[in-house]
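Trainee: In order, the protein sequence lines correspond to chains A and B. Read left to right, the first sequence gives residues 4 to 287 (the working numbering). Read left to right, the second sequence gives residues 4 to 287 (the working numbering).
What the hints contain is simulated information worked out from the structure, not anything from laboratory work. A hint or two may mislead.
You can't tell identical chains apart in this list, so a pair holds if it fits in one copy or across any two.
As the list claims (entries may be wrong) - Result set (DSSO-like, lysine-lysine): computed pairs, CA atoms no more than 30 Å apart in a straight line:
1. Lys8 / Lys248
2. Lys10 / Lys248
3. Lys287 / Lys46
4. Lys187 / Lys43
5. Lys206 / Lys10
6. Lys247 / Lys155
7. Lys108 / Lys248
8. Lys203 / Lys14
9. Lys90 / Lys202
10. Lys169 / Lys108
11. Lys248 / Lys43
12. Lys155 / Lys8
13. Lys248 / Lys287
14. Lys14 / Lys202
15. Lys203 / Lys6
16. Lys206 / Lys14
17. Lys6 / Lys169
18. Lys38 / Lys108
19. Lys287 / Lys202
20. Lys46 / Lys155
21. Lys203 / Lys287
22. Lys42 / Lys155
23. Lys155 / Lys90
2 protein chains.
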Amino acid sequence: MSKFKVKDALKLRVDKPFDFTDYDPASTPGFTGDKKDLKKQAKRFDDELSELQELLFANGRALGPDAPAILVILQGMDTSGKGGAVKSVFSVFDPQGTTTVGFGKPTEEELEHDFLWRIRNHDPRPGQIVAFDRSHYEDVVTQRVHGWVDEKEINRRFDAIRTYEKELADRGVRIVKAFLHISKDFQVENLLERVDDPKKYWKYDESDVTERGFWQDYSRAYADAINRTDEDHAPWYILPSDNKKYARMALKFLILEALREMDLSWPEADFDPEVERQRILASK
Amino acid sequence: MSKFKVKDALKLRVDKPFDFTDYDPASTPGFTGDKKDLKKQAKRFDDELSELQELLFANGRALGPDAPAILVILQGMDTSGKGGAVKSVFSVFDPQGTTTVGFGKPTEEELEHDFLWRIRNHDPRPGQIVAFDRSHYEDVVTQRVHGWVDEKEINRRFDAIRTYEKELADRGVRIVKAFLHISKDFQVENLLERVDDPKKYWKYDESDVTERGFWQDYSRAYADAINRTDEDHAPWYILPSDNKKYARMALKFLILEALREMDLSWPEADFDPEVERQRILASK
């Protein structure tokens, strides 16, 4: 059995033109093995991840606006495991360097602004890792599926999204966009859990079943969004997610790669270590 | 060897009138054992903590403003381990239900408002656990030590703090205030690490040594702040912190107790589980 590698995660980058039919949500590309192997393999870079995140944070402190940052954008059908994936990856990081933002239905105040206003409010600061659980992609998918906006407006939004993501990249934000790809049958299992287990009632929303009727429309709208916004500076990865732990491992490795690629160094001392050593000792 | 219990952590509640001389920063009240025991004991409620945090979050979603929340306020001298304590405790939680806020030197915009303005901006929302790494207590300690504000203003601020914390408590926010108590000698060790290890240079601030000259003034100002703001709805705990892992365990258990005391239930279904079960199956 060979190990799932960072480069296996990178291979999940979308192939264009993209169409969901080519992707099996139950597959685990690059990984063979059982649950126990998966658990073990997923953890093997945790120390490195933790150190690299501290390094990124340290650069944020030392360099200010010149330091890079990471923005992770998660999309997927209901119950695809976006929240669990963030939890699993972020638990190895220092919470002072990370933020998770869930974008639900826009509030009245948010609706008074252009769709990117609430998104920009949560732009990652230098040195930070931010995860968006849903994002501006809702505005070109959900709203399109239901015909709440016309195609002209959809085109305007795509332009705005492309400009926005380019802006972010230009100022040093590495963007990782992941689509958590589940099957329609797997969603049934997940929804049944929510109505069968009283500890999960709070997660259940009757409209989730209604939305299932639009599965094909969602798939089409997502495929179009992915085809129109996948860029080397803002790549899309399709993570097969019927095996949730596999998807979490893949996401973790993608973030690891983003951190490695920054090739950061620990900030130089802005003081004379020997002089300070003596000052500290003299202050005893 | 007996185990360190939640009630041992509760015993760290400050005794008034409080004075640091009665508290040994190197002690580990309620705990005897070695590092390995400590590591093991500190983790034994992690599953419960994780579940209770999810329960709190679920209540936030279901009840909105009526749901409780937790605010953890951490204070302590430089290098007392506030950031590490938050990281250690929060790593068991779901990041979408927690926020960490570090309060550094106020920005210009913040200085244009009253001192509580920037604090209120980060009030915990219902269902959330928020940690303040430094807080409004800086405004009645650091600024007082350096004589940047007069005693009349200090008194006004204490009144404002008491009112603010009472307001929070009245709307269901449980407040846990912890002072991470280290010795002057332990601080020397920590500062030396920062000038000796290039990976820690970024944490070093020359002014930390200067501030050591005010140690007694800080101790007096903190003792006064603690005496004037310790309330049953906003209690102060003094965590001996020369043993960082002990302090982290104590903090974790205090948050556990806050969660347990809420005695929450999983939100009721706002749907008919059997009807929804059939709807889900019919949507296959």
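Trainee: Take the hints in turn and mark each one as holding or not.
Mentor: Taking the hints in turn, this is what the structure says about them:
no.: 1; hint: Lys8 / Lys248; verdict: within (15 Å within a copy, 34 Å between copies)
no.: 2; hint: Lys10 / Lys248; verdict: within (18 Å within a copy, 37 Å between copies)
no.: 3; hint: Lys287 / Lys46; verdict: neither (42 Å within a copy, 35 Å between copies)
no.: 4; hint: Lys187 / Lys43; verdict: within (29 Å within a copy, 42 Å between copies)
no.: 5; hint: Lys206 / Lys10; verdict: neither (34 Å within a copy, 34 Å between copies)
no.: 6; hint: Lys247 / Lys155; verdict: neither (37 Å within a copy, 58 Å between copies)
no.: 7; hint: Lys108 / Lys248; verdict: within (28 Å within a copy, 41 Å between copies)
no.: 8; hint: Lys203 / Lys14; verdict: neither (34 Å within a copy, 36 Å between copies)
no.: 9; hint: Lys90 / Lys202; verdict: both (18 Å within a copy, 27 Å between copies)
no.: 10; hint: Lys169 / Lys108; verdict: within (25 Å within a copy, 32 Å between copies)
no.: 11; hint: Lys248 / Lys43; verdict: both (11 Å within a copy, 26 Å between copies)
no.: 12; hint: Lys155 / Lys8; verdict: neither (42 Å within a copy, 63 Å between copies)
no.: 13; hint: Lys248 / Lys287; verdict: between (51 Å within a copy, 24 Å between copies)
no.: 14; hint: Lys14 / Lys202; verdict: neither (37 Å within a copy, 33 Å between copies)
no.: 15; hint: Lys203 / Lys6; verdict: neither (34 Å within a copy, 33 Å between copies)
no.: 16; hint: Lys206 / Lys14; verdict: neither (32 Å within a copy, 37 Å between copies)
no.: 17; hint: Lys6 / Lys169; verdict: neither (34 Å within a copy, 55 Å between copies)
no.: 18; hint: Lys38 / Lys108; verdict: neither (36 Å within a copy, 48 Å between copies)
no.: 19; hint: Lys287 / Lys202; verdict: between (55 Å within a copy, 24 Å between copies)
no.: 20; hint: Lys46 / Lys155; verdict: neither (46 Å within a copy, 55 Å between copies)
no.: 21; hint: Lys203 / Lys287; verdict: between (56 Å within a copy, 21 Å between copies)
no.: 22; hint: Lys42 / Lys155; verdict: neither (46 Å within a copy, 59 Å between copies)
no.: 23; hint: Lys155 / Lys90; verdict: neither (37 Å within a copy, 46 Å between copies)
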